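So the protein sequences, as listed, match chains A and B. Under this note's numbering, read the first sequence as residues 1 to 318, first letter to last. Under this note's numbering, read the second sequence as residues 1 to 673, first letter to last.
Think of the hints as simulated: they come from the structure by calculation, not from any bench. Keep in mind that the hints are not guaranteed to be accurate.
Some chain A residues close to chain B (C-beta under 7 Å, calculated; not the full set) [what the hints assert, rightly or not]:
(1) 55
(2) 61
(3) 97
(4) 110
Nothing here was measured: the structure is a model prediction, and the numbers come from that model. Ideal Cβ placement from N, Cα and C applies to all residues, glycine included.
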Amino acid sequence: MVVISALLVQAVQMVTVVLLAPLLTGFIRKVKSRLLRRQGPSVIQPYRDILRLLRKEVVLAENASWLFRVTPYVIFAVTWVAAAIIPTFATGLMFSWTADLIAIIALLGSGRFFLALAGMDVGTSFGGIGSSREVMIATLAEPAMLLIIFTLALVAGSTQLSTIAAFMTSPQVGLRVSLGIALIALIMVAIAENARIPVDNPATHLELTMVHEAMVLEYSGRHLAMIELAASLKLQLYISLIACMFVPWKLAVLEAGLAAYLVGLLAYLAKLAVGGTLLALFETATAKMRIFRVPEFLGAALMLGLLATLLLFVSRSL
Amino acid sequence: MTPAVVMLLCATAFLGTAILAILAARSDRATQVIYGTSLVVSSIAVATALVQLVAAISPTSASTLTLPLGLPWLGAHFRLDALAAFFLVVINFGGALASLYGLGYGHHEHAPQRVLPFFPAFLAGMNLVVLADDAFTFLLSWEFMSLASWALVMAHHRAAGNRNAGYLYIVMASFGTLALLLAFGLLAGPEGSYDFAVMRATEQTSSTAGIVLVLLLLGAGSKAGLVPLHVWLPLAHPAAPSHVSALMSGVMTKVAVYGFIRVVFDLLGTPAAWSSVVVLLFGGATAVLGILHALMEKDLKRLLAYSTIENIGVIFVSLGLALAFAANGMGLAAALALTAALFHVLNHSFFKSLLFFGAGAVLVATGERDMEKLGGLIHRMPFTSFAFLVGCVAISALPPLNGFASEWLAFQAVLQSPELPQWGLKIIIPAIGGLLALSAALTAACFVKAFGVTFLGRPRTLVAGQAREVDRLSLAAMFVLAALCLLAGILPGIVMDGLAPVTLSLIGARMPVQMGVPWLSIVPITETRSSYNGLLVFLFTAFSASLTAYLVHRFASRALRRAPAWDCGFPEADPATQYTAGSFAQPIRRVFGTLAFQARERVDMPAPGDLRPARLAVVSRDLIWDGLYVPIAGAVGFIAEKLNHLQFLTIRRYLSLVFLALVVLLLVLALWS
Chain A
1 MVVISALLVQ AVQMVTVVLL APLLTGFIRK VKSRLLRRQG PSVIQPYRDI
51 LRLLRKEVVL AENASWLFRV TPYVIFAVTW VAAAIIPTFA TGLMFSWTAD
101 LIAIIALLGS GRFFLALAGM DVGTSFGGIG SSREVMIATL AEPAMLLIIF
151 TLALVAGSTQ LSTIAAFMTS PQVGLRVSLG IALIALIMVA IAENARIPVD
201 NPATHLELTM VHEAMVLEYS GRHLAMIELA ASLKLQLYIS LIACMFVPWK
251 LAVLEAGLAA YLVGLLAYLA KLAVGGTLLA LFETATAKMR IFRVPEFLGA
301 ALMLGLLATL LLFVSRSL
Chain B
1 MTPAVVMLLC ATAFLGTAIL AILAARSDRA TQVIYGTSLV VSSIAVATAL
51 VQLVAAISPT SASTLTLPLG LPWLGAHFRL DALAAFFLVV INFGGALASL
101 YGLGYGHHEH APQRVLPFFP AFLAGMNLVV LADDAFTFLL SWEFMSLASW
151 ALVMAHHRAA GNRNAGYLYI VMASFGTLAL LLAFGLLAGP EGSYDFAVMR
201 ATEQTSSTAG IVLVLLLLGA GSKAGLVPLH VWLPLAHPAA PSHVSALMSG
251 VMTKVAVYGF IRVVFDLLGT PAAWSSVVVL LFGGATAVLG ILHALMEKDL
301 KRLLAYSTIE NIGVIFVSLG LALAFAANGM GLAAALALTA ALFHVLNHSF
351 FKSLLFFGAG AVLVATGERD MEKLGGLIHR MPFTSFAFLV GCVAISALPP
401 LNGFASEWLA FQAVLQSPEL PQWGLKIIIP AIGGLLALSA ALTAACFVKA
451 FGVTFLGRPR TLVAGQAREV DRLSLAAMFV LAALCLLAGI LPGIVMDGLA
501 PVTLSLIGAR MPVQMGVPWL SIVPITETRS SYNGLLVFLF TAFSASLTAY
551 LVHRFASRAL RRAPAWDCGF PEADPATQYT AGSFAQPIRR VFGTLAFQAR
601 ERVDMPAPGD LRPARLAVVS RDLIWDGLYV PIAGAVGFIA EKLNHLQFLT
651 IRRYLSLVFL ALVVLLLVLA LWS
């Protein structure tokens, strides 16, 4: 019985994340449009886009190899697996021990590795520019992320997300400077990882300002649908990650009963809405920065991460 | 027959093969015979060493043997314990696959008599280093290994740059052996006991231990490629034939790591805490600088050689962590860090051999090592490119392959550092952890470049467009290694349990048994703290990817049309418009290179109306070469110049010089006592 309910919760989580991801993207677009006093497309527009793309034929560049065709599914699969392990509405998921936080981040790194390769596969200059910039951003974002994980792991004594979430809800966590710094750094990394303003612009149509969009320029049809879905999923994943570690309120624990799960789900939706609104506000208020400003932005995140870790070494209560 | 006898017989068989090769090198079948024999002998050696590692009665038991060779009062001591057995597995497994690859690749060798005799001799040398149980045998075998590999580096001595590489290699190798000689001299003490058993029993004073550690870092570090002693490595490793490059990078650097572990963890006794700081700093610097150099490289084999330097850095960081924990009596954490180091030794031997084999296949198919002249090989060489891709993912420390498993263990060891009492270590270790993460991220960037520029895109030259897939034996060697990269990645628990005897014998502690954990996860400390399951990550990813692909093709659309590339409406037919290795690395060069290489870009833009082409020049310097080696070479040259006229003295002056020297020596002796 315990196994069946755990399996059920895990399955619900897996389906929920995929179903909700385009909604979050649509919601953010809607909020951004309203902030710019535009009507904007409906919140369910991303679903329509993905369905339409799925039904269209793929126009494949003559030079594209098998790697180019496999990559969209690989990226979607690794993002999905990572998103399925992060607690969204309940902790203690059946397979939460499969990968700890370090492994989840590395798994997303695998997805990026393949996307960067796909950018170079057709042999166009735009694909190359996107890939080379993406890996440059990643070389700074990944160490920053790891230092943030060090901070959290030192505070909670674990790299396991369920344990971290449980620790953060317990009274012993208190107010800590190191956690505050880590949160700021994590938000900066999340913005860079998801190719949002000010690092990259998801809505740009100027090729030379693109990073992520330049890499996927040659994709079309169902391949593009998978990549778009994976990108939405990744954005949602990072918001879930921040929510589960820094605002783990109303997270249902294992065997908590249906009511607790429903409360957890509602709380999760609220957290997504708040996260999405804040992101839209932030994006409307800032301008995209020049590509060689990004290292400074991410270097700041890296230093904040190191600072947070070192503070913990000075005193475990900071 | 004890295992030690079997291993020695294997080493003798390698030597016999070498002699056979000298006699029969010019015959037509020599290549098959020599590599075939090496393959058989290495396979026997792998089996013996594996049995000794896994099935030994107790982890501290060892199989010893003394032969009446070498120094008359000492004899030649050999010993096969858990540590030696593990490294013998690495060496001989690398040897077996290099032989298998050589069976196919060796046919393209235009002067086989320059390679065949030295290949088995090199394997014999590496085996003997690890088996040696006294300083004399160790140094003799070490020097033999160096000379055999030097001969292999010089195999293509007519190619540009190779003689220079060989010269630099032999100078650095001699310097390394000198440092080891002094280290063993100190360890032997005034009685001159060169037997390792005696050294193990003697407790060294802390000053002696400190000097020995520094000498070891110089001696073993110069062979392993620790910064700043790495300069020979990226020149010498690529100069050898590719299967030998694989052996040198994947295996010989590990023999150096073995030498370091043997002396520092086994012979020196309990280490001092400060010693770990030195090792950590050198390791961290090596990791980051090695991979930054690799990123700037255009030559595929040199890129791989620089990446070897990075991996050696990662291994030394883990060894430094193990030293820090062992110095403070934290057995479990030390076992975790040491397991991470040894696991990475094994992993690196897998994927680096694989990548060098792949580079060799590209070299055979196109005659090019320069990535700027390759491209599009994924269409022409599908199997090689698949195996190479597996190697790239593995070396970039991406789950679910093996590189990630050992990096993950290293990060878990870093997270144990708050328990340490020393403040210096507490502050350094998180920073080193950051460097480790930085080097992992840079590695991923580097191998996106290596694979993307070499195998993807469109062919940049005619030869790349006409490349042909290589022979089946070479492919078999690559695919065995690729399969092992996956297996070690999804079943890391087996490897970690296999390493337990080594950590038990060296630091008296081991990690918890992993094979009993449900679902074959690995749990270094406790499950609430951290766990990782490569098998499930692999299965989930593979399953969800195939499920999605199936559903999409079944229910949505499977239509596909080939068309010219879109490229925003301006597709350019010339393959020169693609991103090259240099342009791919440009953003990273701007971010890191301005500091690490003092890289400067100079744009020469002609005025409007001027018909001169615009030029972009990049100037970058190797600061270590310019700052350390050029002054040393200058000083040596200066002294040699000054002493030169001693060559042309009359006999009278020579006699007075001898007399003067005698007087000075006697004076010194008188003042000393």
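Each hint tested on the structure:
| no. | hint | result |
| --- | --- | --- |
| 1 | 55 | 5 Å, holds |
| 2 | 61 | 4 Å, holds |
| 3 | 97 | 5 Å, holds |
| 4 | 110 | 4 Å, holds |
Checked against the numbered hints above, the structure breaks none of them.
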